[in-house]
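Asker: Sequence:
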Amino acid sequence: MAPWAVSAAAPLTVEELPVKLDPVEAVAPALAARIAGAERGDARRFAFRVARLACTVARVHDRNALEVARGGLEHYPEIEDVVALWDLERDLDSACEAHLGTHPSTCNLDRMRLYDECIEARAVAAVIAALRPDPLVAARQATQEALAAGCETAALEALADQVLVN
4 MAPWAVSAAA PLTVEELPVK LDPVEAVAPA LAARIAGAER GDARRFAFRV ARLACTVARV
64 HDRNALEVAR GGLEHYPEIE DVVALWDLER DLDSACEAHL GTHPSTCNLD RMRLYDECIE
124 ARAVAAVIAA LRPDPLVAAR QATQEALAAG CETAALEALA DQVLVN
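Using the working numbering, read the sequence shown as starting at 4 and increasing by one per residue.
It should be emphasised that the hints constitute simulated quantities derived from the structure, not laboratory data. Beta carbons are placed, not taken as given, at the ideal position from N, Cα and C, and that holds for glycine. Careful: at least some of the hints might be erroneous.
Said to hold, decoys possible - Computed spacing ranges between beta-carbons, pair by pair:
hint, residue 1, residue 2, range
1, Asn111, Asp137, 25 to 31 Å
2, Gly104, Ala157, 28 to 34 Å
3, Gly40, Ala101, 37 to 43 Å
4, Ala39, His64, 30 to 36 Å
5, Arg43, Glu155, 25 to 31 Å
6, Ser108, Gly44, 28 to 34 Å
7, Glu77, Arg114, 33 to 39 Å
8, Ile82, Pro32, 33 to 39 Å
9, His78, His106, 30 to 36 Å
10, Arg93, Asp137, 20 to 26 Å
11, Arg116, Asp137, 26 to 32 Å
Let the sequences and hints guide you as you build the complete structure.
Answerer: Encoded structure:
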C-alpha cells in the first residue's frame with residue numbers, strides 16, 4: 004500500500020499528506036486563496052500593509068525597516084537600505100539562534116515567540132518579502148513571515164478585506 008493510502012478509519016495527519024502545504028495555506032487557506040487570486044497591484048499593497056502590521060506587532064524600532072515598510076514602492080529603497088535590512092535580519096536571527104540553542108527554522112513558532120529577537124527577525128523578513136519582484140509571491144511570503152511574527156490570522160484577513168478586492 005502506498006504511504007499516503009490509508010483506510011478511511013485512520014485520518015491523515017499533516018505529516019502524512021502526500022503534498023506539502025504552503026505555510027499560509029496550512030494556517031489560513033481562505034487568505035491564501037485570496038492572495039493567489041488578487042490583482043498584482045492589490046497584492047503588492049497588501050504585502051506592504053502586512054509588513055507594517057508585522058513591524059507593529061513585533062515592536063520593530065529600526066528606522067530603516069519602518070521606512071521601507073511605510074514607503075512601499077512609492078519610495079523604493081536604495082540598495083544600501085535593502086542590504087541594511089538583510090544585515091538586520093541576519094543579526095536578529097543570530098540572536099534568536101543563541102536564545103534557542105538551534106537554528107530558528109527547526110523550532111516551533113510558540114518557542115520562537117518567547118524571544119523578542121525571533122519575533123523581530125520575522126517582522127523584518129516580512130518587510131524584505133514585500134520587496135520581492137512578483138507581487139503575489141511578495142504577499143504570500145510577507146503573510147507567512149507576519150504569521151511567524153505573531154500577527155493574528157483575523158488581523159491579516161481584515162487587511163485583506165480592505166486591500167484585496169477579488
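Asker: Give a verdict on every hint.
Answerer: Outcome of the hint check:
1. Asn111 to Asp137: 25 to 31 Å: Hint holds: Cβ distance 29 Å, inside 25 to 31 Å.
2. Gly104 to Ala157: 28 to 34 Å: 32 Å, holds
3. Gly40 to Ala101: 37 to 43 Å: Holds, at about 41 Å.
4. Ala39 to His64: 30 to 36 Å: Holds, at about 33 Å.
5. Arg43 to Glu155: 25 to 31 Å: 26 Å, holds
6. Ser108 to Gly44: 28 to 34 Å: 32 Å, holds
7. Glu77 to Arg114: 33 to 39 Å: Distance hint for Glu77, Arg114 holds at roughly 37 Å.
8. Ile82 to Pro32: 33 to 39 Å: Distance hint for Ile82, Pro32 holds at roughly 36 Å.
9. His78 to His106: 30 to 36 Å: 34 Å, holds
10. Arg93 to Asp137: 20 to 26 Å: 23 Å, holds
11. Arg116 to Asp137: 26 to 32 Å: Given about 29 Å between the Cβ atoms, the range holds.
Hint compliance for this structure: every hint is met.
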